[in-house]
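First residue of the sequence shown: 20, per my numbering; consecutive thereafter.
Hints are not guaranteed to be accurate.
Computed list of lysine-lysine pairs in DSSO-like fashion (alpha-carbon distance at most 27 Å, straight line) [stated by the list, open to error]:
1) Lys158 with Lys45
2) Lys35 with Lys134
3) Lys134 with Lys158
4) Lys182 with Lys158
5) Lys35 with Lys45
6) Lys29 with Lys134
7) Lys182 with Lys45
8) Lys169 with Lys134
9) Lys45 with Lys134
Label pairs and their in silico Cβ distance ranges [unchecked claim]:
10) Gln86 with Lys29: 28 to 36 Å
11) Asp148 with Glu208: 36 to 44 Å
12) Thr114 with Glu227: 16 to 24 Å
13) Ile160 with Thr78: 36 to 44 Å
14) Lys29 with Pro136: 35 to 43 Å
15) Lys158 with Lys29: 14 to 22 Å
16) Glu54 with Glu208: 34 to 42 Å
17) Glu87 with Lys158: 16 to 24 Å
18) Thr146 with Ala124: 22 to 30 Å
19) Pro67 with Gly175: 26 to 34 Å
20) Gly175 with Arg76: 29 to 37 Å
No wet-lab data here; the hints were simulated from the structure.
Cβ atoms here follow ideal geometry from the backbone N, Cα and C, with glycine treated the same way.
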Amino acid sequence: MEPIAKNQPKAGEFFKLRPDATRGGKGHGVVFANEDALLTPPRIILQPEGGGFPSLRETPLLIYRPQEGVPPQDLEGGLSGYWLVSERLRRVMETVDSGAFAFAAVDYRLEDGSKGPTYLLCDVVRTLDALDEESSQLKIIISDDYEAGKYYRLTGDVRLAFKREVLGSAHVFKLPFHGGVFCDRIFKEAVEAAGIVTSRASNGLWFEDVVNC
């Protein structure tokens, strides 16, 4: 009789979290106005290679330009390596799992120069080697082409299991061999309870179950 794996994939427990790219159109119209002044050469984006935030010489200036796209939702991507998050999403993030995130205040302006709603740049700064490879179903690529020597390719019929002893109390995390962000049901339900994700609107957040994702 084969031993039972300790961590079995189970639908509805863990999710990939990313900005919702299904809405179509141009996307958000937020422009990073002073990005060049904040870069640290030879980096071409503000986010350091190891994540988090560098020392900022000035406050990031973000301007909404309607000709570039729609107003930002609660979660947007593409800001020099960072997410852009609303104040109400930041509150959920810090309440549920403050250790997973780093934030930087921004000066967010509307096209006429007036101050816009409160938004922040955000990065997920917790990385855990928590994937139970033996209990998961995925393609693992071993190659020197990847900096870490290994990469998790999450395409096709994928079922991920996580080591609970490694996760501990973490609700949001990255993996060392994949660039995405993962979260558990507790974080997802907290976002829903805050009214950010509803049956009618994602408000920019996309949760993809890691079982058959």
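Quick rundown of the hints versus the structure:
Pair hint Lys158 plus Lys45 does not hold up; C-alpha atoms about 32 Å apart against a cutoff of 27 Å. For the suggested pair Lys35 and Lys134, the alpha carbons sit about 33 Å apart, so the restraint of at most 27 Å is broken. Note on Lys134 and Lys158: the hinted pairing is violated, with a Cα-Cα distance of about 47 Å set against a maximum of 27 Å. With a CA separation close to 18 Å, the supplied pair Lys182 and Lys158 stays within the 27 Å bound.
Taking the CA atoms of Lys35 and Lys45, the gap is about 23 Å. The hint holds against a cut of 27 Å. As the CA atoms of Lys29 and Lys134 are separated by approximately 45 Å, the hinted pair breaks the 27 Å bound. Taking the CA atoms of Lys182 and Lys45, the gap is near 39 Å; set against the 27 Å cutoff, the hint is violated. With a CA separation close to 45 Å, the supplied pair Lys169 and Lys134 exceeds the 27 Å bound.
For the hint pairing Lys45 with Lys134, the CA-to-CA distance comes to about 23 Å; that is within 27 Å, so the pair holds. Range check, Gln86 to Lys29: Cβ separation about 46 Å, and the 28 to 36 Å hint is violated. Separated by about 26 Å at the C-beta atoms, Asp148 and Glu208 break the suggested range of 36 to 44 Å. In this structure the hint that Thr114 and Glu227 lie 16 to 24 Å apart at CB holds, the actual value being about 23 Å.
Hint check: Ile160 to Thr78, Cβ distance near 40 Å, so the stated range 36 to 44 Å holds. Look at Lys29 against Pro136: about 38 Å separates their beta carbons, and that is inside 35 to 43 Å. The supplied range of 14 to 22 Å is met by Lys158 and Lys29, whose beta-carbon atoms lie about 21 Å from each other. Between Glu54 and Glu208 the C-beta distance comes to about 35 Å, which sits within the given range of 34 to 42 Å.
Distance hint check for Glu87 and Lys158: the Cβ-Cβ separation is about 37 Å, which falls outside the suggested range of 16 to 24 Å. The hint said 22 to 30 Å for the Cβ distance between Thr146 and Ala124, and at roughly 24 Å that hint holds. A beta carbon spacing of about 33 Å between Pro67 and Gly175 agrees with the range 26 to 34 Å that was offered as a hint. Between Gly175 and Arg76 the C-beta distance comes to about 45 Å, which lies outside the given range of 29 to 37 Å.
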